[in-house]
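Engineer: Protein chains in written order, with this note's numbering: chain A, 1 to 725; chain B, 726 to 916.
Since the hints were derived computationally from the structure, they do not count as laboratory data.
Predicted, not measured: the structure shown is a model, and the values here were computed from it.
Incorrect hints may have been included.
Said to hold, decoys possible - Now the stretches of chain B that chain A is said to cover, found in silico as 3 or more residues with beta-carbon under 8 Å:
1) 769-783
2) 790-797
3) 801-812
4) 844-850
Quick reminder that beta carbons are idealized off the backbone N, C-alpha and C, glycines included.
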Amino acid sequence: MANTLIKKKNHLITAGLLLSFFISFYLMSHATQASSRFNELFTSLLLVNILATAFLFGLLIKNVLWLRQQFKKKVIGSRITLKVVLLFFAISSIPTAVVFYFSNQLLHQSVDSWLDVHIDEAMQNSLTLSQRSFDNKTRSAMRETRQLAEVLENESDIFLSLTLARLREVSSAAELTAFSKQGRIIASTNVDPGVLIPSTPDDAILLLLRQSGEFIGIEPSDNDNIIIRALVEIKASNPKRYLQAIYPVQEGFSELANTVENAYTAYQEFNFLRQSLKFSFTLTLFLILIFTLLIASWAAFVFARELVEPVRQLVKGTKAVAAGDYENKLPVGPHDELGFLVNSFNEMTSKISATRLTARNAQRDAENQHAYLATILRHLSNGVLGFDLSFRLMTANQGANQILGQDLAPCINLSIEALSLKHPNLEKFCLFINQSFAAKEPEWQHEFTFQIQQQKRTLLLKGAPLFAADDSQSGYILIFDDVTPIIQSQRNAAWSEVAQRLAHEIKNPLTPIQLSAERLQRKLHGQLDAASDQLLKKSTNTIIHQVSAMKSMVDDFSNFAKPAKFSPKRIAIGELIEEISLLYQGQIKRLNTHLDLNLPTIFADPIRLRQVLINLIKNAQEAIIDKDSGCIDISINYLPDKQSIKICIADNGPGVDNSELEHIFEPYVTSKVHGTGLGLAIVKKIIDEHGGTISIEPVQPQGANFTIHLPVLTNKTQQTGGSIL
Amino acid sequence: MPHKNLSRLSLVLLSAAVLGVILFLVTLNSSSAGIAVKTARIHQNSDAFFLTARIHYQLSKEAHSALKNGITLNFTVNVSVIEPRPWLPNKVHLTLPLTYQLKYHTLAKAFQLTDMRQQQYNFSRLEPALHALGILKDISLHASLIQNKKNLQGRIKVALDIEALPLPMRPMAYISPGWHLRSNTYLWPIH
């Protein structure tokens with residue numbers, strides 16, 4: 001608002017200045033007329049107008065330099081400004097120049113036409129005629145003066161004055177004067193007694209007089225009269241005297257002569273001033289031309305600025321929008337089409353900005369939702385796989401990777417067939433879900449068992465179609481969970497129940513049986529013949545040993561069913577293994593231990609962990625008992641990335657059949673003749689209680705390798721008691 | 726910024742050059758034409774002061790041609806009595822402009838000189854007319870303005886009045902050196 005007021009004020013000042021200059025030019029053109037009252041101001045006006053023109057020229061130079069600078073800087077709108085200015089200048093300069101040219105030509109022709117050759121001759125002739133008319137008068141005046149001089153011959157200076165007065169009265173002369181050779185007045189007489197000083201000739205006339213003895217001439221006198229001055233030498237005068245007679249010309253004649261003289265002089269002056277007149281007119285016209293062109297140029301700059309400003313704003317606004325700035329509001333322009341355009345632009349950017357904000361909010365919501373879902377999926381223990389309608393894998397969460405034992409991230413966008421080709425161990429799984437989805441059931445749930453990493457896994461699969469926002473189907477979702485531990489737990493629980501019952505039902509009669517057998521052996525010892533005594537002893541020993549074996553078996557059952565209390569504490573696993581290894585150093589020929597130097601302490605029950613290690617080493621020892629080159633390797637490593645301890649106990653014994661691998665940790669599964677089948681089951685149970693995992697894998701060419709992963713407790717888990725408690 | 730300064734500098738230099746050329750043309754006198762104050766004095770006769778001066782006039786070709794073609798030439802003799810003051814502008818006690826007209830009478834073939842008292846003098850030739858124009862004799866000054874004052878100086882400046890020329894001639898006269906007929910400032914002590 002303030003800028004607009006300043007602009008208007010500036011425009012008013014400039015308009016006032018221009019109006020002043022225009023008035024000045026008008027006065028100057030008016031002053032060129034001979035009768036103008038501004039005639040005396042012509043030079044001042046000319047100076048003012050030249051200064052005004054210089055001022056406008058300076059203004060033009062400033063604007064041109066400004067435009068040049070804008071053009072060099074490639075400022076928005078400078079090209080349009082240049083075009084508008086050039087167009088304005090061309091439009092104004094061409095007609096103005098044409099008008100100037102023809103006006104100048106017309107003026108020159110008019111001035112020339114005023115001075116006609118015939119008029120020139122006529123004026124010259126009229127002057128000659130006047131001069132001829134005076135010739136007769138001068139001749140008679142000369143004659144008369146000579147006669148008067150003759151009268152004055154031999155006249156002494158004493159009577160000269162009286163004689164002159166007498167002669168003047170009888171002659172037509174108005175004044176008679178006698179001069180010495182040096183021009184000194186000797187005597188004088190005038191028809192007007194008031195004239196005391198006679199009219200004296202100038203030095204040139206006196207010189208001529210002295211040279212030729214006579215002089216005659218006409219002279220202008222006061223009151224526009226003309227007089228005839230005649231001078232003759234007075235002969236026979238000693239010293240030399242000269243007579244001057246002044247004859248007035250008749251008033252009417254003088255008036256006519258003056259009229260001719262004035263007209264001729266005016267015409268001569270005009271003729272002389274012809275070039276100057278043309279120059280003055282041309283100069284005035286030229287100044288007006290320059291002034292007009294400069295005003296047009298200045299106006300062009302002002303108009304171009306006003307015109308380009310909204311366009312400049314629009315271009316700036318468009319650039320801002322292109323750069324993503326929708327908040328930039330353009331200043332409201334004039335109430336015309338450009339102003340309407342600016343308003344429309346502002347309205348458009350406002351709408352875009354609002355829409356963009358809404359879209360951004362929606363996008364943020366979607367991203368939040370996505371992040372929320374991704375977080376859930378990432379931390380979900382269930383496996384989630386998403387497929388599109390053509391069964392290409394679109395989503396796979398961490399749970400799926402863990403359950404399937406494969407990193408499926410690189411398989412995104414692969415078809416289910418490509419997925420099975422890439423991971424052959426998932427072939428059955430892929431085939432199954434492909435068939436299940438192809439069955440066109442909207443939702444389905446199946447249990448699926450397959451082997452992965454030499455372990456039998458049971459998965460609970462649930463499939464469902466995926467729907468887009470418009471309720472159209474966009475793909476399929478598969479959610480699955482590894483129910484193997486649950487099944488295993490259920491089975492273990494069942495076995496525990498069986499073991500507990502067996503222990504309860506069997507253990508109770510075993511002690512009386514054993515005691516009875518021992519009593520029989522003690523009471524009947526020596527009462528029977530040797531053969532019967534031997535038979536009794538053999539039979540009772542058999543009963544006692546078998547009962548002991550059964551008690552041992554029942555104890556195992558009892559231990560499996562009701563384990564001792566879990567009492568974890570911080571232990572150094574390396575030291576534990578070394579201690580156990582020392583127990584077997586003498587029994588096993590080749591027992592190699594490889595311990596990581598940077599093993600951290602772990603939080604575990606040392607008694608139960610000792611039981612695990614002894615069981616596994618014992619198993620390995622039994623496996624290599626018949627081999628001379630039997631060897632057991634125990635290694636323990638720290639896996640910082642998984643924050644776990646990896647314990648491997650490998651032997652080169654006969655190994656385990658592949659068919660047994662998937663059931664080896666189940667109770668009552670054994671390949672030994674006298675084994676109860678509970679050793680590895682107890683081992684797995686203890687490892688599970690510690691939050692770890694145990695697996696077995698064959699060793700090439702022969703042997704088996706048990707791998708245990710035990711978690712390393714961090715400070716946080718230690719403070720909270722750990723996840724295994 | 727450097728371009729802008731350069732443009733301004735070139736503009737100033739161009740303007741200075743144009744002004745210099747104009748001044749050079751203006752101050753340039755053609756041939757020996759000009760006006761020079763030869764002598765001047767103020768003498769006292771009882772209570773009256775009188776100026777007597779001798780001025781040399783020499784018309785330029787342009788002025789002579791204009792005179793012969795009927796143009797009246799106006800000369801202004803500016804007589805001043807000043808009191809010089811240190812560190813201050815001179816104090817002017819008296820200013821007396823004397824105007825003279827010189828024209829050519831075609832019919833009489835005479836040069837007609839009109840003095841400030843409108844007295845006309847006719848001369849058959851230009852030289853005597855200029856001679857007469859250059860003689861200022863016993864021109865009365867206002868005695869009261871300069872009486873009993875000390876350290877006074879007389880000052881005379883003579884110039885052809887261009888503004889009195891016919892209007893069409895003035896623009897050319899201003900830029901033509903031939904029309905710049907003016908004397909130097911003649912100063913002399915009065916007491």
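Engineer: Could you run down the list of hints and mark each one as holding or not?
Structural biologist: Quick rundown of the hints versus the structure:
Only residues whose beta carbon comes within less than 8 Å of a beta carbon in chain A count, and the segment 769-783 of chain B has 0; fewer than three means the coverage is violated. Figure legend: the segment 790-797 of chain B, annotated as covered by chain A; annotation consistent (5 residues with Cβ-Cβ distances under 8 Å, at least 3 required). For the segment 801-812 of chain B, the proposed coverage by chain A is not satisfied: 0 residues have a C-beta within less than 8 Å of a C-beta in that chain, short of the threshold of three. Coverage of the segment 844-850 of chain B by chain A holds. Counting CB-CB distances below 8 Å, 6 residues qualify, and the rule asks for three or more.
The structure shown violates the earlier hints numbered 1, 3.
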